[in-house]
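Peer 1: Sequence:
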Amino acid sequence: MSPTGSTYHNHNSNSNSNKFQEMEDELKNHSSQQQHKKETAEAAELERNREAVREQRERKYQAEFAKLSKEQQKKIKAVRQKDAKIVKRILKKAASEDLYGVLNVKQHWWNIRPISDKQIKKAYRTLAKTVHPDKNKDSRAEEAFAEVQRANEILGDGKSRREFDVTREQLRKERNEDILEKSSEAVELASRKTRLFYGIVSTFLGPFLLPAVLLSVLIV
Numbered sequence: 024m025s026p027t028g029s030t031y032h033n034h035n036s037n038s039n040s041n042k043f044q045e046m047e048d049e050l051k052n053h054s055s056q057q058q059h060k061k062e063t064a065e066a067a068e069l070e071r072n073r074e075a076v077r078e079q080r081e082r083k084y085q086a087e088f089a090k091l092s093k094e095q096q097k098k099i100k101a102v103r104q105k106d107a108k109i110v111k112r113i114l115k116k117a118a119s120e121d122l123y124g125v126l127n128v129k130q131h132w133w134n135i136r137p138i139s140d141k142q143i144k145k146a147y148r149t150l151a152k153t154v155h156p157d158k159n160k161d162s163r164a165e166e167a168f169a170e171v172q173r174a175n176e177i178l179g180d181g182k183s184r185r186e187f188d189v190t191r192e193q194l195r196k197e198r199n200e201d202i203l204e205k206s207s208e209a210v211e212l213a214s215r216k217t218r219l220f221y222g223i224v225s226t227f228l229g230p231f232l233l234p235a236v237l238l239s240v241l242i243v
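Numbering of the sequence shown is given in this note's numbering, commencing with residue 24 and proceeding in unit increments.
The hints are simulated quantities; they were obtained by calculation from the structure and are not laboratory data. Some hints here could point you the wrong way.
[What the hints assert, rightly or not] With a straight-line cut-off of 16 Å between C-alpha atoms, the simulated EDC-like cross-links for lysine to aspartate or glutamate are:
id, residue 1, residue 2
1, Lys160, Asp106
2, Lys115, Glu165
3, Lys83, Asp157
4, Lys98, Glu87
5, Lys100, Glu81
[What the hints assert, rightly or not] Distance ranges between label pairs, derived from CB positions:
id, residue 1, residue 2, range
6, Lys100, Lys216, 46 to 56 Å
7, Glu211, Lys97, 55 to 65 Å
8, Glu47, Arg103, 54 to 64 Å
9, Lys90, Ser206, 49 to 59 Å
10, Lys182, Ala64, 27 to 37 Å
11, Ser54, Lys205, 25 to 35 Å
12, Lys145, Glu87, 23 to 33 Å
13, Thr63, Lys97, 36 to 46 Å
14, Ser214, Glu68, 46 to 56 Å
15, Lys83, Glu208, 47 to 57 Å
16, Ser206, Glu62, 29 to 39 Å
Note that the Cβ used here is the ideal one computed from N, Cα and C, for glycine as well.
With these hints in hand, go ahead and build the complete structure from the sequences.
Peer 2: Dropping the structure here:
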């Protein structure tokens with residue numbers, strides 16, 4: 024094969040390779056978009072179902088509440104406020120994927136021993152009773168109960184718990200690195216602005232810069 028023919032063959036091969044790569048990237052992008060649409064639709068459907076449950080529970084609560092005496096209503100209100108506070112805490116922790124926080128299990132800095140399976144089980148049983156939809160009066164009790172169950176399923180299983188801990192630690196490191204990077208950028212920006220301001224002031228004040236600075240310090 025002549026050099027010209029060889030060059031043409033290589034060029035044609037590279038061209039086909041690039042086309043295949045473009046087609047593959049396009050298919051991956053399309054698949055990713057479809058998956059995103061599917062997940063968005065599922066999330067929207069889940070939220071609609073949750074809202075329907077909340078409304079149903081609220082109607083039931085209001086109907087039962089109306090039948091009570093003033094004294095009973097006062098007691099029920101106090102109980103519901105307490106229930107709502109617990110549910111709110113659970114859902115907040117669940118939103119940030121803090122499963123230990125969902126179960127209200129804490130690793131104190133002075134305790135070097137890891138959280139035991141016994142602690143997880145005890146916390147789950149106690150909390151499951153507290154937020155069970157039949158007992159808890161808050162309209163989002165079913166959501167909170169589901170999150171408590173999910174946390175127990177993951178943390179109550181040794182393998183799942185180890186995988187969760189590894190992922191959580193990795194996310195924590197990435198978050199800290201991101202914070203450090205943003206802090207460094209903020210410091211650098213502030214430093215540049217300070218140098219720019221000093222340059223402008225030096226240009227205008229010239230030899231009077233040092234006396235002006237000393238005077239401002241004395242005034243402050």
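Peer 1: Next step is simple, just say for each hint if it's right about the structure.
Peer 2: Cross-check of the supplied hints:
1. Lys160 - Asp106: holds, 6 Å
2. Lys115 - Glu165: It holds: about 15 Å lies between the C-alpha atoms, which stays within 16 Å.
3. Lys83 - Asp157: The hint holds at about 12 Å.
4. Lys98 - Glu87: holds, 13 Å
5. Lys100 - Glu81: holds, 13 Å
6. Lys100 - Lys216: 46 to 56 Å: holds, 54 Å
7. Glu211 - Lys97: 55 to 65 Å: holds, 58 Å
8. Glu47 - Arg103: 54 to 64 Å: Once the Cβ atoms are compared, 56 Å apart, the range 54 to 64 Å for Arg103 and Glu47 holds.
9. Lys90 - Ser206: 49 to 59 Å: The hint (49 to 59 Å, Cβ to Cβ) holds, given that Lys90 and Ser206 are roughly 58 Å apart.
10. Lys182 - Ala64: 27 to 37 Å: holds, 31 Å
11. Ser54 - Lys205: 25 to 35 Å: holds, 33 Å
12. Lys145 - Glu87: 23 to 33 Å: This hint holds: roughly 32 Å between Cβ atoms.
13. Thr63 - Lys97: 36 to 46 Å: 44 Å Cβ-Cβ, so the 36 to 46 Å window holds.
14. Ser214 - Glu68: 46 to 56 Å: Check passed, 50 Å falls within 46 to 56 Å.
15. Lys83 - Glu208: 47 to 57 Å: holds, 53 Å
16. Ser206 - Glu62: 29 to 39 Å: holds, 33 Å
The structure agrees with every numbered hint stated previously.
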